[in-house]
Amino acid sequence: MIEISSIHKRFEDQEVLKGITATFENGKTNLIIGKSGAGKTVLLKCIVGLEIPEEGTITYDGRDIIHMHKKEAAKMRQEIGMLFQNAALFDSMSVLENVMFPLDMFSSMTYNERIKRARACLERVNLIEAQDKSPEELSGGMQKRAAIARAIALGPKYLFCDEPNSGLDPQTSLIIDELIHGITEEYNITTIVNTHDMNSVMNIGDHILFLANGELSWEGNNKEILNTDNKTLNEFLFSSEILRQVKEQALHSK
Amino acid sequence: MFLFDSVKTFGSYLILMKRVITPPQRWRIFFRQMMHEVYQLGVNSIPIVLLISFFIGAVICIQMKLNIESPWMPKFVVGYATREILLLEFSSSIMCLILAGKVGSNITSEIGTMRVTQQIDALEIMGVNSANFLILPKISALMAIIPILVVFSMAAGVGGAFAIGKFTGIMTAQDLIVGLQYEFNQWYIWCSIIKAIAFAFIITSVASFYGYNVKGGSIEVGKASTNAVVSCSALILFSDMVLTQLLMQ
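The listed protein sequences derive, respectively, from chains Y and F. The first sequence: position 142 = 142 (the working numbering), numbered continuously. When you read off a place in the second sequence, starting at 1, and then add 254, the result is the number in the working numbering.
Don't read these hints as lab results, they were simulated from the structure. Please read all numbers here as calculations on a predicted model, not as lab measurements. Check the hints yourself; a few may be wrong.
Beta-carbon label-pair distances, calculated as ranges [claimed, not checked]: (1) Y/E12 <-> F/M502: 49 to 55 Å; (2) F/M495 <-> Y/Q85: 43 to 49 Å; (3) Y/E113 <-> F/P277: 24 to 30 Å; (4) Y/T57 <-> F/P277: 29 to 35 Å; (5) Y/N188 <-> F/R282: 29 to 35 Å; (6) F/F258 <-> Y/E54: 23 to 29 Å; (7) Y/E241 <-> F/G476: 22 to 28 Å; (8) Y/V246 <-> F/V484: 54 to 60 Å.
Idealized CB from N, CA, C, for every residue including glycine.
Build out the structure end to end from the sequences listed, making use of the hints.
See the structure below:
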């Protein structure tokens, strides 16, 4: 479980995060949604530790990561898996080597055990056939799957995904969403996904935070989101006439 | 303002070097990376080092012959002057200036691209000291292989001088050999190697610094590569002056 409390983050004169408090439970897919510039990425970077907030606390199962000793923080990072917007696979390595990399760096497994584990991760994301390819030979969706395989190689407790569906077609997005959701439940990990993909919100949003202008504007799940009377959220979610009609139909069918 | 920016940049460079110069997290992976860099930065540079050194050796020989030939000068002076130029300056300083262009821009663009495509962030998230992981093997590799490049450069330069003497007939091989051996001081070779090792550190660390701190996209990576080559060249020339003064006293 990850708890954040009164997170404030400022870049020069601009306050990007204005006191955000939330709890992210394990076994659930937690989504952070909001318009571009709402502070989603900065919040995710703060939670992961790539940015340090000016105020507030962030705890991973009770461990305060902001004031943690460097060595302890480095060790704790092995419990974290992250999927970046552009996958961020290492160009100089094959897909299999990418997945093996965290195992090479941090596990005490033998070479054969590391290979076996990396192949199991690739099988989990249905990418075993591409193990010898280099990242640039893969499609966007395959790169994301390879990055998920790398992220779960060490068996993380926490999984972070920064806009996992950006640049992907709706069908591939669905595959990635289901993969993230499935892994979250299978390994009982705490997953935080930063997205503005509406399909993800409806499909896998066990817990949703809506940010607007650096503040937490709404919190709930994918069932409650249809009935919300939060004006800003409704404008964000149902921005087109078609989506508004879909919402009406969904509510009537209930 | 320029002074303030320079001090700030130097401070950032020192902070980065503090992160770089620490024991690797996995020695096995470090040696694997280092061997890869020895090949990339060193072995791949051998053809250009040989080519340039050969022709520069030949040109120096021609220039010496044309400019210092006099009835008052012994014939071996051409070989002697060619050797001194090659050993004292060309095979260390000028060769490293050339490498700053080839290797330096390569390092900056490689690390810069990793920065803008979030590969460095991915390393940091995993708990890897990205500065140490990416930069230390490059520094160690070039510092380890540069003495070999220096010796190759010296040999190719002398070979060029011989070739031009033989094929154009501007001087005899005997005169050249006498000049090359005249008052030979072994320390000059060591000076050249020591200077080149220092320049190798400058090239790899400064180029890595520029790449590691890229912010933005491909245009910034290009700008960083240019800045890295300019800074490396200026620092090599400045440290050449300091090291020459210290080593040749």
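Each hint, compared with the structure:
1. Y/E12 <-> F/M502: 49 to 55 Å: Since Y/E12 and F/M502 have Cβ atoms about 51 Å apart, the given range 49 to 55 Å holds.
2. F/M495 <-> Y/Q85: 43 to 49 Å: With Cβ atoms ~47 Å apart, the hint holds.
3. Y/E113 <-> F/P277: 24 to 30 Å: holds (25 Å)
4. Y/T57 <-> F/P277: 29 to 35 Å: Given a distance of about 32 Å, which is inside 29 to 35 Å, the answer is holds.
5. Y/N188 <-> F/R282: 29 to 35 Å: holds (33 Å)
6. F/F258 <-> Y/E54: 23 to 29 Å: holds (25 Å)
7. Y/E241 <-> F/G476: 22 to 28 Å: violated (45 Å)
8. Y/V246 <-> F/V484: 54 to 60 Å: Given about 58 Å between the Cβ atoms, the range holds.
The structure does not agree with numbered hint 7 stated previously, though it agrees with all others.
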